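Using the sequences and the accompanying hints, generate a full structural model.
Each protein sequence line maps, in turn, to chains R and H.
Counting in this note's numbering, the first sequence runs from 1 upward without gaps.
Counting in this note's numbering, the second sequence runs from 224 upward without gaps.
Hints are computed from structural coordinates only; laboratory data are not their basis.
Keep in mind the model is a prediction, meaning the values are calculated, not measured.
It is possible that some hints are incorrect.
[As the list claims (entries may be wrong)] Taking lysine-lysine pairs in the DSS-like style, the calculated list, with each CA pair at most 27 Å apart, reads:
| no. | chain 1 | residue 1 | chain 2 | residue 2 |
| --- | --- | --- | --- | --- |
| 1 | R | 74 | H | 241 |
| 2 | R | 79 | H | 689 |
| 3 | R | 139 | R | 162 |
| 4 | H | 689 | R | 15 |
| 5 | H | 402 | R | 141 |
| 6 | R | 79 | R | 119 |
| 7 | R | 74 | R | 185 |
| 8 | H | 686 | R | 15 |
| 9 | R | 74 | H | 686 |
| 10 | R | 74 | R | 119 |
| 11 | H | 402 | H | 345 |
| 12 | H | 686 | R | 79 |
| 13 | R | 139 | H | 241 |
| 14 | R | 192 | R | 15 |
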Amino acid sequence: MPAIIELRDVTKTYKLGDETLNAVDGISLSIQTGDFVAITGASGSGKTTLANIIGGLDRPTGGSVMVDGNDLSKLRDRKLSDYRNQHIGFVFQSFNLQGTQTALENVTLPLVFARVKSKARKQRATECLQAVGLGDRLKHKPSQLSGGQRQRVAIARALAVKPNIIIADEPTGNLDSQHGDEIIKLLRDLNKQGITLIIITHDMNIARQAGRIVQVRDGKVRA
Amino acid sequence: MRLVDYISLALRNITRRKLRSALTIFAIVIGATSVTIMLTIVFSAKGFINDQFEQNGTFQQVQVSPQTDINWGNGSGQNCNSSDCVKLTQALINKLAKLPHVIGIARQTQPYNFDGLFYGSKKLKLNQVVAYDANGIIDNHMLAGRDITQSDGNGVLTITSDYADGLGFKNNYQALIGKTVKLHTQGYYSGVGSDPVGRQQYMQTHCQNMGPGQNCELPSVQITGKVVGIADANGLTNSSGYTVRVPLSWARGMEENQDYGPARTSGDYCRNMPGPCMPPNVLTVTDELALNGYSSLIVKVDNATNAAAVAQNIRGTFKIGAADAETAIKQQLSVFNIVGIILGGLGGIALIVAAVGVINTMVMSILERTREIGVMRAVGARRSAISRLFTFEASLLGMAGGILGVLIGYGLTLIGNPILNHQLKGNNIGSSNILSLPIWLVITVIAGTTVIGMLAGLYPARKAAKLDPVEALHYE
Ligand SMILES: Nc1ncnc2c1ncn2[C@@H]1O[C@H](COP(=O)(O)OP(=O)(O)OP(=O)(O)O)[C@@H](O)[C@H]1O
Ligand SMILES: [Mg+2]
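If you want it as structure tokens, here you go:
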């Protein structure tokens, strides 16, 4: 099976005054279509930075990130944005929903940038919310939903444009274990449907469910 | 991202923060209103002048009065009574007629001693009786019957529609044509139609034995006239409202002093008579109009462009008042232009302040929405989309301000027009509703504020677009 993501010697360096900090320090990694990868490591080890680089949200300082033969590190903003829009679904620890908008409107957002028409958008967003078990919460604002429900809205939003890859950065971090388990189950189901899943987690119970664990330490992958 | 989505998202963000948006728009509204009014005034005034040049020859006229300090429209009815004014006598008129560019003169007078217009049992207060040459220089719009002609003499008159309405002939003017009305005046009236002999006898029998301080009341006099025409009160060129017009020859008679009493030569008569001498009474008729001159003249010039020069020439040569409509209107316009410049300046300043307000609002809004921008970027918004979104928002603020400003400006023209109409009518200028908002002005103002909003939005929009997605997502 061909690797859909191929990282080679990826580095991300932050300059803080005189000091330089290698948040990602020469990571090479390949992820296959349909993989379920768990990224673990201590706080500050560089997991989020790595995931953001894979998701096209951040650019590496060095190395290359090949996706479908394109090097993400060389793409212009326009193409990189389209890549995020078309291929990636992000799920964040803090949900990152728009508080003033309904669940349906939140899920609609990626479709707006995909130039999908209003009617088709609503239809697709409804589908996605139904898929995460929130078919009866379309008009609810995030503040009217529980933490687990909010994260499910976020997953529905990540699903909206039918991405190949879902990157979930500590998706259960703000949830109790019961709701956390529900979310992980939901993500695993998506992975079973063929979506490549990258989960960052501290929870070894979750990591163990993954087909592959990538341990990060000081910006490097531990062999 | 599709255009409708930009607009609906931008609209949504504006309406989300109603108070802040309203305050931001408020400044734009002030600017837009000022600019709208400025443009309306300046262009309406210009259009008004152009119209006037084409209209009913007013601009070909110079109004001449014995009073030297007159403006167009208020120069009539000022008879020369004091010694320091020059009388508008026939001799003077003959000289005026020979001036270059002068092609005709209408002499005007106002027999001022009538106070009532009676028809049957109806009695109306009479404001003014006017008379002028029926030589076509002063043109009236007749609603029924005909205007006074040069061959008309005593006992013929026209009244304005206001009077016809007052006499109960509204919508039925034709029925009043040929009817006889009475002009009422006090007993001391000594013009044509009075009874000098009867008056003299009445005074001898009733007033002789009166004590000091007592007034001798003479019985009032009514003279009759036949209505030959109803003039449109709104279309009068040289007089306004409630007006009765009589032929100039009759007016001359009205102003006559017909006196029956001891002959002025009685001194001679009694010289060789011994004892008490009773000279015989004789009738003396004095042509007061010829003596005192006309109250005003309308001098017609060959071309409207010469009116101002002719007026100046008359003022300089004869030391009498002369006014032309164009100069008067230009004076009025200069007021408009000053108002326009002040409003334009105010509007400009307001718009600059408004633009700063838009920048401020947008920068604040971007700070508040940093995380939201991060989310949009994460789900695939391009930099250009973020930039456009905020530019749209700022443009919409500008557009809303422009639309409201134009609406308020339009409302003000609705208020301003009646006021101006009143003023113009007072100056005997037959134009009305001169303030108008052409569609191009509406479009220009709205487009202008939209562009100002857009320009003000450029910097904040750029700032928003340049936000790093990762940092934006973690912004607290
Ligand atoms: N914008 C930045 N500027 C400077 N340093 C940064 C920046 N972003 C991240 N870092 C540093 O890079 C390192 C890796 O950060 P990262 O967020 O990837 O860690 P993490 O493994 O996700 O940690 P956690 O488990 O706490 O989320 C940290 O030491 C962090 O302080
Ligand atoms: Mg992290």
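Comparing the hints with the structure gives:
{"no.": "1", "hint": "R:74 to H:241", "in the structure": "42 Å, violated"}
{"no.": "2", "hint": "R:79 to H:689", "in the structure": "16 Å, holds"}
{"no.": "3", "hint": "R:139 to R:162", "in the structure": "22 Å, holds"}
{"no.": "4", "hint": "H:689 to R:15", "in the structure": "20 Å, holds"}
{"no.": "5", "hint": "H:402 to R:141", "in the structure": "84 Å, violated"}
{"no.": "6", "hint": "R:79 to R:119", "in the structure": "26 Å, holds"}
{"no.": "7", "hint": "R:74 to R:185", "in the structure": "36 Å, violated"}
{"no.": "8", "hint": "H:686 to R:15", "in the structure": "22 Å, holds"}
{"no.": "9", "hint": "R:74 to H:686", "in the structure": "23 Å, holds"}
{"no.": "10", "hint": "R:74 to R:119", "in the structure": "35 Å, violated"}
{"no.": "11", "hint": "H:402 to H:345", "in the structure": "13 Å, holds"}
{"no.": "12", "hint": "H:686 to R:79", "in the structure": "20 Å, holds"}
{"no.": "13", "hint": "R:139 to H:241", "in the structure": "22 Å, holds"}
{"no.": "14", "hint": "R:192 to R:15", "in the structure": "41 Å, violated"}
The earlier numbered hints that this structure contradicts are 1, 5, 7, 10 and 14.
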